[in-house]
Amino acid sequence: MFLTRKVEFSASHVCASPALNDAENRVLYGAAANPNGHGHNYVTGMVFDLRELKQLIQDEVVEPMDHRFLNREVAPFDRVVPTTENIAIEIWKRLQRRIDRDEVKLRNVRLYETADLYVDYGGEACG
Amino acid sequence: MRLTRRYRFAASHRLDVPALGVEENRRLFGKCNNPYGHGHDYILDVTVEGAPDESGQIVRRSALDALVQERILQRLDHKNLNTDVAELAARVPTTENVAETIREVLEKNWPFAPRLAHVRVAETDRNIFDLELR
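Line by line, the protein sequences are chains A and B.
Here the first sequence is numbered in the numbering used here, starting from 262 and rising by one per residue.
Here the second sequence is numbered in the numbering used here, starting from -3 and rising by one per residue.
Honestly, the hints are just simulated from the structure, not real lab data.
Be aware that one or more of the hints could be misleading.
Unchecked claim - Which residues of chain B face chain A? A few of them, derived with a C-beta cut under 10 angstroms, are:
#: 1; residue: T0
#: 2; residue: S51
#: 3; residue: Q53
#: 4; residue: S58
#: 5; residue: E128
#: 6; residue: L129
This structure is a prediction, so every number in the text was calculated from the model and none was measured.
Yeah, the Cβ is synthetic: ideal placement off N, Cα and C, and Gly gets one too.
This is chain B alone, in the form it adopts within the complex (with noise of 0.2 angstroms):
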């Protein structure tokens, strides 16, 4: 069984690649490549696996609002990907690198016995990105 919860954050990225010249980053990203950045209204979808507690629920709702409000929420919204996420500092801030991201740092401080199942990061409602774990 899955529980999947929806979450929100907005941050600012620029695609580019500093190896590469000028030219070629503004072929490559289009007007991702503009020299001052955009935003996005992200919308993460957290997909927890497993069997129901004796509670009644896979997972306790606040305490996975609590991880991924400590853990990503408070370190990526209304933050510069480029510069003010330490784990996104050697990579290209494109939102599949975001969604590979977001599970790395899920699933290094993931406390739960349910499993992480499957993470979403959709940057636009027409870009969405999945992630589904084995």
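Chain A on its own, in the form it takes in the complex (with noise of 0.2 angstroms):
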């Protein structure tokens, strides 16, 4: 059985390399290279099934990043480009060592950028 609750959150976030420069941090990124940095509201769907989940998520990930600029206040991303790949990622890691025990696994996140586009991670390996 599948339990899922939604957060959500509001962060900025500029997506660049620092190893390019701004046109091609342009071409690869976007809108989203915007130096200054733009803000979405975040939503994270996740399997649980006990009530504490939501506090777990607000201690995780909603309090630490919530209204904060990601590539500044949030490690890991003052080294780890804040996409929203990046930010589930990141979500996966931060929740699984909370909830992962014999009987319950963290199951996926889901990680809304607009609400035409998400991402889903399960913990599979990446890069």
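From these two lone chains plus the hints, build me the complex, please.
See the structure below:
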């Protein structure tokens, strides 16, 4: 049986690789490379079966990330480009160590970048 | 890891199998068989699966958008699915067949290393068709 809980947080980020120049970053990331950042209302959905889930997400994700500039205020995004993919991986890592136990496993993290674009991450090896 | 992107197009269709008689088509497709056709605001969800590259992205959004725009939306949006789309000419343009056609066209023209993993087409918010690709 799966349980999915949805929470929202808002944050700003810049998607740009420090190894590339502005024009190259613009090609790679589009408008998300704007140097002063921009904001999203992120939504995560994940699977669990206990009421503590809400508090746990609050502690691990919402409290540290909500209304923050991810690149400057939330590790590891001072060195990892905060694309939606990378934010989903980081959320997975933070939640998995709090959730996983013998009979309960984190199953999926879904992170919305916009209403029309989201990423699903289930812990598979990446890169 | 999967990335899902949502697109929209409006199109008209009429469900009719010419080989069957008027009564049989009416029985089979109901009001979807009405002679002058009808339209839907379709929603297309395209899911791409793979590991993020060194840029931290599974696929560049602008490149995925350009592909879907050129190969699908430009050819289906504000079109008559019975008459205007070559790949659908020999098929009844049910949304099952529309989804299958979209999959075929995308796979044939797929330029990305991460794979096309899923196609979902909704003709209304109650009629939704999923194609999971292995």
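Original post:
Would the stated hint for S51 (chain B) survive a check requiring a Cβ distance to chain A of less than 10 angstroms?
Top reply: With a closest approach of 5 angstroms, the S51 (chain B) hint holds.
**OP:** Against chain A, run the beta carbon of T0 (chain B) and see if the smallest gap drops under 10 angstroms.
**Re:** At 5 angstroms from the nearest chain A Cβ, T0 (chain B) passes the 10 angstroms test, so the hint holds.
**OP:** Report holds or violated for the interface hint on S58 (chain B), using the least CB-CB distance to chain A and a cut-off of 10 angstroms.
**Re:** holds (5 angstroms)
**OP:** Report holds or violated for the interface hint on Q53 (chain B), using the least CB-CB distance to chain A and a cut-off of 10 angstroms.
**Re:** OK, holds: Q53 (chain B) within 10 angstroms of chain A, min 5 angstroms.
Original post:
Does the CB of E128 (chain B) sit less than 10 angstroms away from some CB of chain A?
Top reply: E128 (chain B) check fails; min Cβ-Cβ to chain A is 13 angstroms, beyond 10 angstroms.
Original post:
Per the CB criterion, is L129 (chain B) less than 10 angstroms away from chain A?
Top reply: Interface hint status for L129 (chain B): violated (15 angstroms vs cutoff 10 angstroms).
Consistency note: the structure conflicts with the earlier hints numbered 5, 6.
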